[in-house]
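S.K.: Each chain is listed here by its residues.
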Amino acid sequence: MRATLESAKEFKKVVDTVAQILDEICLIANEDGITARAMDPSHVALVSLEIPRLSFEDYEIEGEKEIGIDLEAFKKIMNRAKSKDKLILELDEEKNKLNVIFENSGRRKFSLALLDISASEIKMPEIEYPAVVMLKGDAFKEALKDADLISDYVILKVEDNKFIVETKGELNDFSAEFDEDSSALISIESQGHAKSAFNLEYLLDMVKGIKAGDIVKLYLGTDMPLKLEYSLGGANLTFLLAPRIEG
Amino acid sequence: MRATLESAKEFKKVVDTVAQILDEICLIANEDGITARAMDPSHVALVSLEIPRLSFEDYEIEGEKEIGIDLEAFKKIMNRAKSKDKLILELDEEKNKLNVIFENSGRRKFSLALLDISASEIKMPEIEYPAVVMLKGDAFKEALKDADLISDYVILKVEDNKFIVETKGELNDFSAEFDEDSSALISIESQGHAKSAFNLEYLLDMVKGIKAGDIVKLYLGTDMPLKLEYSLGGANLTFLLAPRIEG
Amino acid sequence: MRATLESAKEFKKVVDTVAQILDEICLIANEDGITARAMDPSHVALVSLEIPRLSFEDYEIEGEKEIGIDLEAFKKIMNRAKSKDKLILELDEEKNKLNVIFENSGRRKFSLALLDISASEIKMPEIEYPAVVMLKGDAFKEALKDADLISDYVILKVEDNKFIVETKGELNDFSAEFDEDSSALISIESQGHAKSAFNLEYLLDMVKGIKAGDIVKLYLGTDMPLKLEYSLGGANLTFLLAPRIEG
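Protein chains in written order, with my numbering: chain A, 1 to 247; chain B, 1001 to 1247; chain C, 2001 to 2247.
Hints listed in this document are in silico derivations from the structure and should not be mistaken for laboratory results.
Values in this document were obtained by computation on a predicted structure and should not be read as measured data.
Note that the Cβ used here is the ideal one computed from N, Cα and C, for glycine as well.
Just so you know, not all the hints are guaranteed correct.
Claimed, not checked - Quick list of simulated restraints, FRET-style, between CB atoms:
no., chain 1, residue 1, chain 2, residue 2, range
1, C, K2084, A, N161, 49 to 57 Å
2, C, I2215, B, S1187, 46 to 54 Å
3, C, S2231, A, D179, 57 to 65 Å
4, C, G2192, B, K1082, 56 to 64 Å
5, C, D2152, B, I1245, 23 to 31 Å
6, A, D92, C, K2065, 53 to 61 Å
Unchecked claim - Calculated pairs, EDC-like style, for lysine to aspartate or glutamate (alpha carbon to alpha carbon, straight line, at most 16 Å):
no., chain 1, residue 1, chain 2, residue 2
7, A, K109, C, D2173
8, B, K1109, A, D148
9, A, K97, C, D2173
10, B, K1095, A, E170
11, A, K76, C, D2138
12, C, K2076, B, D1173
13, A, K157, C, D2148
14, C, K2109, B, D1023
15, C, K2075, B, D1148
16, C, K2109, B, D1173
17, A, K82, C, D2138
18, A, K109, C, D2148
19, C, K2076, B, D1148
20, C, K2095, B, D1173
21, B, K1086, A, E177
22, B, K1075, A, D148
23, C, K2084, B, D1138
24, C, K2086, B, E1166
25, B, K1097, A, E170
26, B, K1109, A, E166
27, B, K1109, A, E201
28, A, K84, C, D2138
29, C, K2109, B, E1177
30, B, K1076, A, D179
31, C, K2095, B, E1170
32, A, K97, C, E2170
33, B, K1095, A, D173
34, B, K1109, A, D179
35, B, K1075, A, D173
Pulled out of the complex, with its shape left as it was, chain A reads as follows:
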């Protein structure tokens, strides 16, 4: 397996985000591209990563390979990416290593020892959601950071064609509203209300890689898991987060 991505710096954000939630991951590389899926250690969040073959500048594979990665080590290596560095991921089956190569004015090669883990069998559950919201990723991220000042949970709501992020603290409260007048809101589709509470720490981890210009898609229900999707550096990221059910 040898896969070339145009921007190492963009892919770094993907690894940064996934490494917030998972300690290790098993990448599956086959002729369709690279995918991975895993639950976080506390089984509250599911992460799904998909890099279609077309996202690669160049892609060579024979059969299907499972590549077990220590995300902390991979993240540290990816943090060495410089702007304009090209990224080559190269499986060295003989040495049981993944070569992580940055190409630019020179060629810098890290060899990362592989982990002996196998791909999870978890499937992304198929859920029907009463509400789907598309909005500017950075507006969503900032609203979550706002809420983080006030409390450790957040309520995501859809009502009257508005998307609302809100929380209450001991003394102070916060709410952000996105309606048809908000340039941050791209679309909202709903059949009735949707309202669920989530752990803020997980949500903040999930949106870590988002930057200005990215669009997020949120699938919401009442006391239902949140599905959150966005694309980053050629990769499609999907997260599922269990709701926090109040007693």
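Let chain A serve as the given structure and place chains B and C on it in line with the hints.
M.R.: Using the frame of chain A, we list chains B and C on its own:
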């Protein structure tokens, strides 16, 4: 009371600066605008804040309101301001809260619990000063930071049409001179000498919000309090700082 | 002695770099300019600094002066340099101080107490090197930082007209290759192989001041000291670093 400021980010600097010196403040809002005046807990510094009605993009008030603010909490909220955010301060008398609203591509509302404190009766003393100096705020701020390397106090002097910031440490010394050849010095008026020593920590707190382009006005005497004035984001800030009298 | 440099900010990088390796230094100022040479406390690295008279905007000297400097204090002062500040170094023999003056929109003067140390008698040894490499300084610096992720030493090699930076960790490895296709490599001259290992911490200290656009010159042999040269803010820096001989 509902007051709109064009730039939340500019007003953040005002709150940052005042919160360096005070823990809480009672804002008085009436038809002239918003004012506040308070001494720091150790009674060394007096802070006076004045936002004239004209500084607001929009301003609605009935009668006079006293608004008691926990500056630490207010500062944390204001630190969430993004460039291009508009700021709306809205008194909710029923809930006894101040709504701090950021408007941009969406609408983010913090509700800050009010404190039950009343406005101080302190007046800004009317003092005749032998010397008045106007200079570029960032040049003054940098000279204070320089002095901070060397000692914990600073002497501010006016002599021979020069404004001097100086201090002596155990081993090393520092002095900054601003004379008619210095582009940082805008004007200097004096009747004889002026020379007073001040605690550097307080001075650094007072100039915290100053950025390139701001002008400060200093009123100086010999062993007299310093009066320091500048404008920031539509607010006029005045500080009075007791001198440090050497034994 | 009174010496004026156009950019205080550039000279700050020189002081930053030298202060990484040495605690104190004795500058020798004479009609040729300013020089200094010293070994680090553990005698692993030799630092040589040379600022030719022509690098100064203005330079006045009578005879030869030895100026003993506490580099930690000098570094802190130089860190107060602002862009566009001019730097004047002025020896006050009467007070036994070095005046460090920043001139811009005002004039800020630090007086640094001199140390009673004398110039070292160390000479830069004349060594014939089998390989000489010139490359872009930031590419070299980044490769060293890469290696620092993996281990605490690095091997510098010249073979087959390639310059190689490599290291091995417990689990993961790193290597950077610069060959004729690498735009970072400017020239390479060699008579046979060269391969030596070095302590990474020292190397990282030595390249601290390097920024985009700077060129470094490396003199390499097998189990021989490294000679590293580059210019910074009008100063020529030369470092000699003892190799790490593996048991």
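S.K.: A separate judgement is required for each hint: does it hold in the structure or not?
M.R.: Hints, one by one, checked against the model:
{"no.": "1", "hint": "K2084(C) with N161(A): 49 to 57 Å", "verdict": "holds (54 Å)"}
{"no.": "2", "hint": "I2215(C) with S1187(B): 46 to 54 Å", "verdict": "holds (48 Å)"}
{"no.": "3", "hint": "S2231(C) with D179(A): 57 to 65 Å", "verdict": "holds (59 Å)"}
{"no.": "4", "hint": "G2192(C) with K1082(B): 56 to 64 Å", "verdict": "holds (60 Å)"}
{"no.": "5", "hint": "D2152(C) with I1245(B): 23 to 31 Å", "verdict": "violated (55 Å)"}
{"no.": "6", "hint": "D92(A) with K2065(C): 53 to 61 Å", "verdict": "holds (60 Å)"}
{"no.": "7", "hint": "K109(A) with D2173(C)", "verdict": "holds (8 Å)"}
{"no.": "8", "hint": "K1109(B) with D148(A)", "verdict": "holds (13 Å)"}
{"no.": "9", "hint": "K97(A) with D2173(C)", "verdict": "holds (10 Å)"}
{"no.": "10", "hint": "K1095(B) with E170(A)", "verdict": "holds (14 Å)"}
{"no.": "11", "hint": "K76(A) with D2138(C)", "verdict": "violated (20 Å)"}
{"no.": "12", "hint": "K2076(C) with D1173(B)", "verdict": "holds (13 Å)"}
{"no.": "13", "hint": "K157(A) with D2148(C)", "verdict": "violated (47 Å)"}
{"no.": "14", "hint": "K2109(C) with D1023(B)", "verdict": "violated (36 Å)"}
{"no.": "15", "hint": "K2075(C) with D1148(B)", "verdict": "holds (15 Å)"}
{"no.": "16", "hint": "K2109(C) with D1173(B)", "verdict": "holds (8 Å)"}
{"no.": "17", "hint": "K82(A) with D2138(C)", "verdict": "holds (11 Å)"}
{"no.": "18", "hint": "K109(A) with D2148(C)", "verdict": "holds (13 Å)"}
{"no.": "19", "hint": "K2076(C) with D1148(B)", "verdict": "holds (11 Å)"}
{"no.": "20", "hint": "K2095(C) with D1173(B)", "verdict": "holds (11 Å)"}
{"no.": "21", "hint": "K1086(B) with E177(A)", "verdict": "holds (15 Å)"}
{"no.": "22", "hint": "K1075(B) with D148(A)", "verdict": "holds (15 Å)"}
{"no.": "23", "hint": "K2084(C) with D1138(B)", "verdict": "holds (14 Å)"}
{"no.": "24", "hint": "K2086(C) with E1166(B)", "verdict": "violated (20 Å)"}
{"no.": "25", "hint": "K1097(B) with E170(A)", "verdict": "holds (13 Å)"}
{"no.": "26", "hint": "K1109(B) with E166(A)", "verdict": "holds (9 Å)"}
{"no.": "27", "hint": "K1109(B) with E201(A)", "verdict": "violated (21 Å)"}
{"no.": "28", "hint": "K84(A) with D2138(C)", "verdict": "holds (14 Å)"}
{"no.": "29", "hint": "K2109(C) with E1177(B)", "verdict": "holds (8 Å)"}
{"no.": "30", "hint": "K1076(B) with D179(A)", "verdict": "violated (26 Å)"}
{"no.": "31", "hint": "K2095(C) with E1170(B)", "verdict": "holds (14 Å)"}
{"no.": "32", "hint": "K97(A) with E2170(C)", "verdict": "holds (13 Å)"}
{"no.": "33", "hint": "K1095(B) with D173(A)", "verdict": "holds (12 Å)"}
{"no.": "34", "hint": "K1109(B) with D179(A)", "verdict": "holds (14 Å)"}
{"no.": "35", "hint": "K1075(B) with D173(A)", "verdict": "holds (15 Å)"}
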